[in-house]
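Undergrad: Sequence:
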Amino acid sequence: MTKEALWWTAPAEADNGRTIMVTGRKDVDKFRQNPRFNIRVEIIWKYQGDSSGMPDQNNAEMMDRVTSLLEDTFSKDPVAVLTGIFTGDDERDWIFYTLSTHIFGKKLNEALASLPLLPLEISAENDPGWEQYEEMKQAEIQLD
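Quick note, the sequence shown lines up with residues 1 to 144 if you use the numbering used here.
Hints in this document: simulated from the structure, not taken from any laboratory. Incorrect hints may appear among the rest.
What the hints assert, rightly or not - The calculated DSS-like cross-link candidates involving lysine-lysine, where the alpha carbons are at most 27 Å apart (straight line), are: (1) 106 <-> 46; (2) 76 <-> 137; (3) 137 <-> 26; (4) 137 <-> 46; (5) 106 <-> 30; (6) 30 <-> 46; (7) 30 <-> 137; (8) 76 <-> 26; (9) 26 <-> 106; (10) 106 <-> 76; (11) 30 <-> 76.
What the hints assert, rightly or not - Derived CB-CB ranges, DEER-like: (12) 51 <-> 119: 40 to 50 Å; (13) 35 <-> 56: 19 to 29 Å; (14) 76 <-> 36: 32 to 42 Å.
Glycine included, C-beta positions come from ideal geometry on N, C-alpha and C.
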């Protein structure tokens with residue numbers, strides 16, 4: 001993850017009791033203060049995990065590569081900000097806030113163009129108050 005960004009990581013629990021590692025970004029105020037960043041985009045990669053629901057080494061390495069490519073792309077053209085990463089229970093979720101799903105999709109395709117086709121599911125919803133971000137931050141608060 002980028003040096004400029006401040007991140008925290010904390011365990012959370014899925015409904016089935018499995019551990020999910022939540023990594024959240026702290027330095028998002030400039031994006032939150034811009035009312036145009038009101039669309040929450042979720043990219044989901046479902047995988048067959050180990051008995052605890054965590055990815056195997058190959059998947060973990062590819063997921064790290066995807067994360068780096070996404071960060072590089074969106075740091076050069078900040079039309080979206082990566083705010084959270086959830087890993088566990090056979091799923092990796094990257095959470096972004098963006099100002100346009102059209103531009104986001106274009107940049108996502110640019111970022112991942114060098115990779116083979118990945119089993120990604122993408123959804124978007126309006127979240128002008130960043131309520132989902134605030135909910136994610138509860139995992140950080142539990143660390144204190």
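Undergrad: A separate judgement is required for each hint: does it hold in the structure or not?
TA: Structure-based check of all given hints:
no.: 1; hint: 106 <-> 46; result: holds, 22 Å
no.: 2; hint: 76 <-> 137; result: holds, 26 Å
no.: 3; hint: 137 <-> 26; result: holds, 9 Å
no.: 4; hint: 137 <-> 46; result: holds, 23 Å
no.: 5; hint: 106 <-> 30; result: holds, 23 Å
no.: 6; hint: 30 <-> 46; result: violated, 31 Å
no.: 7; hint: 30 <-> 137; result: holds, 17 Å
no.: 8; hint: 76 <-> 26; result: holds, 19 Å
no.: 9; hint: 26 <-> 106; result: holds, 26 Å
no.: 10; hint: 106 <-> 76; result: holds, 14 Å
no.: 11; hint: 30 <-> 76; result: holds, 16 Å
no.: 12; hint: 51 <-> 119: 40 to 50 Å; result: violated, 21 Å
no.: 13; hint: 35 <-> 56: 19 to 29 Å; result: violated, 41 Å
no.: 14; hint: 76 <-> 36: 32 to 42 Å; result: violated, 18 Å
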